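Undergrad: Using our numbering, the first residue of the sequence shown is number -2, and each one after it goes up by one.
You may find that some hints are simply not true.
[Unchecked claim] Derived DSBU-like pairs (lysine-lysine); straight-line CA-CA distance at most 35 Å: (1) Lys260 / Lys426; (2) Lys14 / Lys40; (3) Lys40 / Lys72; (4) Lys14 / Lys297; (5) Lys142 / Lys200; (6) Lys207 / Lys368; (7) Lys297 / Lys260; (8) Lys40 / Lys207; (9) Lys297 / Lys334; (10) Lys14 / Lys25; (11) Lys206 / Lys226; (12) Lys14 / Lys334; (13) Lys72 / Lys25; (14) Lys426 / Lys334; (15) Lys334 / Lys72; (16) Lys147 / Lys226; (17) Lys14 / Lys383.
[Stated by the list, open to error] Label pairs and their computed distance ranges (CB to CB): (18) Glu263 / Pro336: 51 to 61 Å; (19) Ser16 / Met242: 16 to 26 Å; (20) Gly271 / Ser16: 45 to 55 Å; (21) Glu2 / Phe234: 52 to 62 Å; (22) Gln198 / Glu239: 46 to 56 Å; (23) Ser360 / Gly36: 24 to 34 Å; (24) Leu61 / Phe234: 18 to 28 Å; (25) Lys14 / Lys260: 44 to 54 Å; (26) Gln198 / Asn114: 18 to 28 Å.
Bear in mind the hints are in silico, worked out from the structure with no lab data behind them. Bear in mind the structure is a predicted one, so any value in this text is a computation, not a measurement. Every residue gets a Cβ at the ideal spot worked out from N, C-alpha and C, and that includes glycine.
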Amino acid sequence: MEVSELWGGIEAELETKLSSAHFNTWIKPLIPTEFVIEGSIGKLTLSAPSSYVRAMALDHYQNLIVEAGERISKKTLSLSVTIGSIQAEKNNKKESEEIESGLFESRSTPNLETRHNLNPRLTLESYVVGSSNNFAHAAALGVIKNPGRKYNPLFIYGGVGLGKTHLMHGIGHALFANNPRARILYISAETFGNDLIASLQSKRISSFKKRYRSCDVLLVDDIQFIAGKEYTQEEFFHTFNELYMSERQIILTSDRPPQEIPKIEERLSSRFLGGLTVDIQPPDYEMRAAILTQKAAEMKIEVGAESLSMIAERSTTNARELEGVFRSIVALADSKKSPITTELVSEFFGVVKEGKKMRMRPSSIISTVAKYYGFRTQELVGSSRKAPLVMARHVAMYLIKTELEVPHEQIGEIFGGRDHTTIMHAVEKITGEISVNQGVGKAIAEIKHELSTKPEG
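Use the sequences and the hints to build the structure in full.
TA: Right under this line is the structure:
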């Protein structure tokens, strides 16, 4: 049985058992990559667009997937879910010849399956360069040309969704292409801290140090999150020094420059400033239009110049949200079986024929989101941490912030006195999910459409 046939059957069965919101958000984004039969065992491998979707699939839908798969395949099913494409991993496994190593020649060849954990979508080829990021892009090319020596560390800062992570992954891919023996590790600062805590609890601190200090390239996202965490900063300081002294490339991203990160040790800030610090600004109109044109080409969708111009004019915040808005408009067009016209774009942005913008209140958004996902309004503002409910809550927070521009602190009060950093994290989470998860984009589009058709007031 082909993997596509098996997964098609599983999808059909799950679609009848789950709400459309849950199916489109958590099942539809999964891609079947492999089905191997070994005797009475069938091994199914799926690919998820993000770690968030992977965790949800395994934590909440694994039993349903396995049960359906066993009925269809008549085999005992083993399920695994990876993140992103596994094609590169397969190609690496086949590679057996020695490759000249250059800068990283002192390192022994690592296990081929763990050479890097980069997002396959985030390459320099797909990175749109404009006036807001050309200096950062030039710095990236300098790192690629002379890693570990020129611009080390490279510190990239800017607001949410401006392409810091994309550029960092793009550098990683280019370095790996130049030297497939290089060990490249991408992590968030939060992951670094969590790994440190776990290693201390399990008394495996030596394994932790080996993992982080034996890589050739260390990419750390959102380094500002180690601020105020004394032991995490201590360990990162020593990790940084070990890599820097052995000329291993370090790339860091943050939402602000090193000297403006509060509660971070001066010795760390000083080291961050010791390399090259570059910023990325919000994209201007021309760059937004270029991003949309590229995205339409990637998705093989025909969109008129006037419609693209309208989207570029009205989405002025950041590249990630721009992509999310475009995907949401595509989802709205699909649901209406309509081409992407200026009328549809206007409808998406909440403009009625009389030219009035739709009026929304936080309470209206919360109740609409709750209804869409099948929860009660009280549950969304409550304290339950059940994953599907948390997802719906994050969507409501995201919409209140992006549609009404309510301050994070005020949104926190609406949701039971939550801290403003919790709201920031939720908005960032959904913004990121929209760009990789079509189900989330479709949900946002449908909720916005529902809100736009509600009576004013």
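Undergrad: Which numbered hints are broken by the structure, listed smallest first?
TA: Numbers 5, 6, 7, 15, 19, 22, 23, 24, in rising order.
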